[in-house]
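Protein chains in written order, with our numbering: chain A, 151 to 654; chain B, 151 to 654.
One should not assume that every hint holds.
When chains are identical, the list treats them as one kind, so a pair holds in a single copy or across two.
[As the list claims (entries may be wrong)] Pairs of lysine-lysine residues, derived as BS3-like cross-links and limited to a Cα-Cα distance of at most 27 Å, are as follows:
no. : residue 1 : residue 2
1   : Lys305    : Lys469
2   : Lys360    : Lys382
3   : Lys360    : Lys228
4   : Lys169    : Lys388
5   : Lys552    : Lys601
6   : Lys427    : Lys388
7   : Lys479    : Lys601
8   : Lys479    : Lys323
9   : Lys323    : Lys382
10  : Lys305    : Lys360
11  : Lys305    : Lys596
12  : Lys452    : Lys552
13  : Lys601    : Lys270
In short, the hints are calculated from the structure, not lab data.
There are 2 protein chains.
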Amino acid sequence: MTENRILFQGYHSKIISAKEAANLITDKMTVGSSGFTKAGDSKAVLPAFAKRAETESIGITLITGASLGFTTDNDLAKNNALYRRMPFQADAGLRGKINEGDIYFTDQHLSETSELLENKHLPQLDLAIIEAAYIDENGNIIPTTSVGNSASFAKIASKIIIEINESIPLNFKGIHDIILHESYPNRQPVNITKPDARTGQDFITIDPEKVIGIVYTNLSDSAAMVTAPDAKTSAIGKHLVDFFESEIEAGRMTPSLMPLQVGIGKVANAVMSGLAKGNFENLTMYSEVLQDSTFELIDSGKMTFASASSITVSEAYYKHLLANFEQYKDKIILRPQNISNSPEVIRRLGIIAINTAIEFDIYGNVNSTHISGTKMMNGIGGSGDFARNAYLSIFVTQSASKEFNAISHVLPMVSHVDHTEHDVDILVTEQGLADLRGLAPRERAKLIIEKCAHPEYKEALIDYFNRACIRGGHTPHILEEAFSFHTSYNETGTMKQNCLVNLL
Amino acid sequence: MTENRILFQGYHSKIISAKEAANLITDKMTVGSSGFTKAGDSKAVLPAFAKRAETESIGITLITGASLGFTTDNDLAKNNALYRRMPFQADAGLRGKINEGDIYFTDQHLSETSELLENKHLPQLDLAIIEAAYIDENGNIIPTTSVGNSASFAKIASKIIIEINESIPLNFKGIHDIILHESYPNRQPVNITKPDARTGQDFITIDPEKVIGIVYTNLSDSAAMVTAPDAKTSAIGKHLVDFFESEIEAGRMTPSLMPLQVGIGKVANAVMSGLAKGNFENLTMYSEVLQDSTFELIDSGKMTFASASSITVSEAYYKHLLANFEQYKDKIILRPQNISNSPEVIRRLGIIAINTAIEFDIYGNVNSTHISGTKMMNGIGGSGDFARNAYLSIFVTQSASKEFNAISHVLPMVSHVDHTEHDVDILVTEQGLADLRGLAPRERAKLIIEKCAHPEYKEALIDYFNRACIRGGHTPHILEEAFSFHTSYNETGTMKQNCLVNLL
Chain A
151 MTENRILFQG
161 YHSKIISAKE
171 AANLITDKMT
181 VGSSGFTKAG
191 DSKAVLPAFA
201 KRAETESIGI
211 TLITGASLGF
221 TTDNDLAKNN
231 ALYRRMPFQA
241 DAGLRGKINE
251 GDIYFTDQHL
261 SETSELLENK
271 HLPQLDLAII
281 EAAYIDENGN
291 IIPTTSVGNS
301 ASFAKIASKI
311 IIEINESIPL
321 NFKGIHDIIL
331 HESYPNRQPV
341 NITKPDARTG
351 QDFITIDPEK
361 VIGIVYTNLS
371 DSAAMVTAPD
381 AKTSAIGKHL
391 VDFFESEIEA
401 GRMTPSLMPL
411 QVGIGKVANA
421 VMSGLAKGNF
431 ENLTMYSEVL
441 QDSTFELIDS
451 GKMTFASASS
461 ITVSEAYYKH
471 LLANFEQYKD
481 KIILRPQNIS
491 NSPEVIRRLG
501 IIAINTAIEF
511 DIYGNVNSTH
521 ISGTKMMNGI
531 GGSGDFARNA
541 YLSIFVTQSA
551 SKEFNAISHV
561 LPMVSHVDHT
571 EHDVDILVTE
581 QGLADLRGLA
591 PRERAKLIIE
601 KCAHPEYKEA
611 LIDYFNRACI
621 RGGHTPHILE
631 EAFSFHTSYN
641 ETGTMKQNCL
651 VNLL
Chain B
151 MTENRILFQG
161 YHSKIISAKE
171 AANLITDKMT
181 VGSSGFTKAG
191 DSKAVLPAFA
201 KRAETESIGI
211 TLITGASLGF
221 TTDNDLAKNN
231 ALYRRMPFQA
241 DAGLRGKINE
251 GDIYFTDQHL
261 SETSELLENK
271 HLPQLDLAII
281 EAAYIDENGN
291 IIPTTSVGNS
301 ASFAKIASKI
311 IIEINESIPL
321 NFKGIHDIIL
331 HESYPNRQPV
341 NITKPDARTG
351 QDFITIDPEK
361 VIGIVYTNLS
371 DSAAMVTAPD
381 AKTSAIGKHL
391 VDFFESEIEA
401 GRMTPSLMPL
411 QVGIGKVANA
421 VMSGLAKGNF
431 ENLTMYSEVL
441 QDSTFELIDS
451 GKMTFASASS
461 ITVSEAYYKH
471 LLANFEQYKD
481 KIILRPQNIS
491 NSPEVIRRLG
501 IIAINTAIEF
511 DIYGNVNSTH
521 ISGTKMMNGI
531 GGSGDFARNA
541 YLSIFVTQSA
551 SKEFNAISHV
561 LPMVSHVDHT
571 EHDVDILVTE
581 QGLADLRGLA
591 PRERAKLIIE
601 KCAHPEYKEA
611 LIDYFNRACI
621 RGGHTPHILE
631 EAFSFHTSYN
641 ETGTMKQNCL
651 VNLL
């Protein structure tokens with residue numbers, strides 16, 4: 151515990167242990183915690199609260215930026231310490247409880263949670279728990295590897311607990327750009343006209359009167375799992391690179407493309423690796439998360455600037471980044487998630503949004519959240535914020551998966567819709583790329599089946615489409631068969647047998 | 151034909167007949183025409199082109215603001231003069247051809263069409279046909295009762311035909327506020343911070359070199375059909391007024407509410423009539439269309455200002471408005487539809503968006519466009535622009551319709567999704583209002599069935615939900631039964647028998 155992390159005199163008496171902090175939480179509180187895709191989360195107080203719930207019947211509504219790191223969400227769920235969770239999660243244990251109906255999960259666009267809190271459309275926030283690199287001389291905090299909803303939580307919550315993380319170097323100041331909206335009806339434009347625009351302050355304002363505890367930690371963020379590109383994800387990356395090159399040739403974009411948003415995961419990483427190999431230059435990013443691939447593009451000189459709400463990287467990159475932080479300081483910004491994901495800024499900058507689908511259908515509707523229409527995976531995250539307002543909205547997935555390609559990810563009808571046909575421009579699988587711009591549903595169906603479907607499912611999809619067209623309609627469907635691929639899988643373990651039955 | 155409608159000298163030689171103008175159109179042209187919900191449409195050239203297509207094999211891609219008036223869309227469709235139509239339509243004849251697959255319809259968010267054209271994601275615009283009140287001394291035009299996409303069409307199109315409508319009074323200048331975005335990457339914020347903000351010019355810039363013809367007309371816009379509130383629509387209006395009053399009581403809004411967007415139709419009109427009776431004051435509107443009910447609120451002193459992209463009113467109000475235009479001039483603005491429907495402005499102003507659903511499901515997903523999941527009605531219009539970015543996103547519909555309530559509008563699963571669960575805050579039928587803010591899917595299902603479903607369908611919906619819950623999942627469903635209401639209706643003419651079968 152070193153004194154130079156608290157430069158404000160009034161706070162020294164507030165230093166407490168994580169256990170003491172956890173004891174300040176009462177049953178049914180609504181708690182807002184820092185943390186966005188594992189970065190900058192509460193590493194002491196929430197775990198101590200989960201521990202407390204092992205032996206005590208107590209629970210909270212927990213609102214975060216996005217997913218938490220370590221086993222925090224799992225431990226909270228396991229010990230029945232969560233009544234309600236929002237706006238995103240990515241933990242298998244918590245997911246299980248959500249799907250059993252034991253924990254209420256409210257799946258929100260990541261740009262909207264702070265708006266809903268500000269507008270009092272959600273319960274009043276009793277407590278904010280926010281990780282900080284240090285506290286400045288006015289009692290304000292310098293955030294760590296994410297901003298998420300922390301600035302809004304600090305503004306709205308009745309009480310605040312600060313977690314000072316000593317593993318973050320003291321030069322970690324200057325990369326955050328914090329803006330808070332004025333209240334209605336006095337809102338002003340978000341004055342961001344390029345990814346590197348700086349319009350706010352580089353700290354989060356804290357009312358010292360609200361601070362009820364300061365806890366020290368010394369833990370690094372949970373590391374991101376980075377998977378090397380394989381044949382499928384590389385093929386998807388290649389289709390996208392070819393597409394971007396053809397857009398440049400057609401005069402619609404320059405070799406700098408447009409600012410990029412890329413979702414998390416192995417497909418996204420493969421796409422970024424593809425960009426590193428293509429004839430692109432002076433790329434920029436206006437996204438949610440800065441990943442290994444972002445820093446690889448920066449290191450290679452292909453990318454000049456990257457804006458997001460968090461840094462979520464592998465252990466190796468995390469160490470490299472913190473040790474060489476000065477060389478990245480003028481190339482990255484972390485913003486509140488309602489600004490990184492702001493509809494206003496996304497449309498103004500003209501973002502290319504690349505996100506992963508669980509499945510999509512022949513008319514271009516995308517399911518990002520639900521397995522078989524019922525079981526929640528992680529949540530919509532920021533994909534809706536970006537897809538709905540992007541210059542180009544791109545969704546990627548593999549055409550089929552499981553042994554013997556038992557699951558087709560291209561379907562007659564998706565079992566849950568997160569992104570409607572109106573918000574999807576380009577679909578990509580390892581099979582190919584379907585450019586849906588300006589097309590009507592029947593045209594889309596033919597193109598999606600031709601370009602994106604796995605060869606083993608093409609015949610069944612064409613058969614469904616042709617028989618649906620006989621019934622007619624702008625968007626031909628046979629409602630009683632629309633989910634036959636899904637129900638076949640549930641009954642027989644493969645979507646294929648059903649396809650064959652349909653063909654008879 | 152009077153000279154004072156063309157103040158620019160270079161245009162006098164370009165006056166031609168509607169038939170001559172229609173002959174300037176060639177096969178496969180992409181044509182952009184003024185017209186937004188019947189207002190300010192092409193009343194001479196497009197009808198003359200439809201006539202030409204009676205005897206000639208010729209067709210175009212037609213892009214408008216929204217729907218056209220009179221029988222223009224019908225006549226174009228009937229004579230096979232349309233290869234493709236976007237972004238909206240509301241004509242039974244055209245709709246029939248679309249649903250037969252004879253005409254490709256691209257259903258777009260109304261804010262996006264001009265963006266897609268600017269970004270060259272749609273074909274190059276060969277010709278713009280734009281109605282004007284008159285031409286000023288620089289060759290620029292004063293629009294009439296709508297702006298729609300006209301300013302973008304004029305900027306982008308290679309050639310322009312102007313229709314001067316002499317039925318519009320010459321004092322019809324000063325209510326339009328025209329802004330065009332800078333091209334990427336030089337876009338700036340849309341500087342609108344309140345509904346009455348004026349930030350552009352009150353005319354549409356025209357390059358005189360592009361003008362290939364000027365045609366005179368003297369026809370009023372097609373009148374809006376205004377239906378008086380009935381028991382059902384009045385009940386919906388009352389539920390909403392009660393809700394707004396409770397929001398005021400809870401301190402979340404003032405009696406001025408927030409700027410209103412209200413869709414077209416009888417339910418919307420009933421809601422507006424309800425507002426006229428409630429304890430509201432200094433209301434404002436930031437919407438797409440100004441309807442009779444808007445002017446009634448202005449006349450009664452309840453509404454101080456209304457911004458939209460068109461004026462679509464009954465014949466009586468149309469005459470009254472044109473005859474008394476000076477008294478409304480400082481109370482209304484007409485904007486381009488990418489500004490009236492701008493995601494940026496909608497979120498900044500904090501709009502209350504009230505739109506009509508065809509059907510919604512127990513989890514809060516809304517279908518605004520497709521009958522039985524297949525047959526297009528009109529298109530999504532601006533409902534997505536508003537719902538996705540609104541302060542409150544409200545959808546209204548009747549709980550059941552047809553003889554013996556054969557159709558339930560509250561369903562296990564909607565047959566087409568235009569607005570996802572993430573974008574729907576409040577659902578209202580004549581039965582009641584479901585406030586979904588912050589709720590998880592299982593909570594929403596119980597509330598929607600309780601508050602909104604028709605009594606004759608409640609049992610079947612509860613039964614579906616309970617049996618789905620046994621299977622589990624965040625959003626419980628029985629995929630093979632999800633559309634059983636729809637398929638029952640298709641087979642037996644009622645959704646009810648099926649419900650009873652399910653209960654056995």
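Exercise for review: Hints the structure violates: just list their numbers, smallest first.
Suggested key: 1, 2, 3, 4, 7, 9, 11, 12
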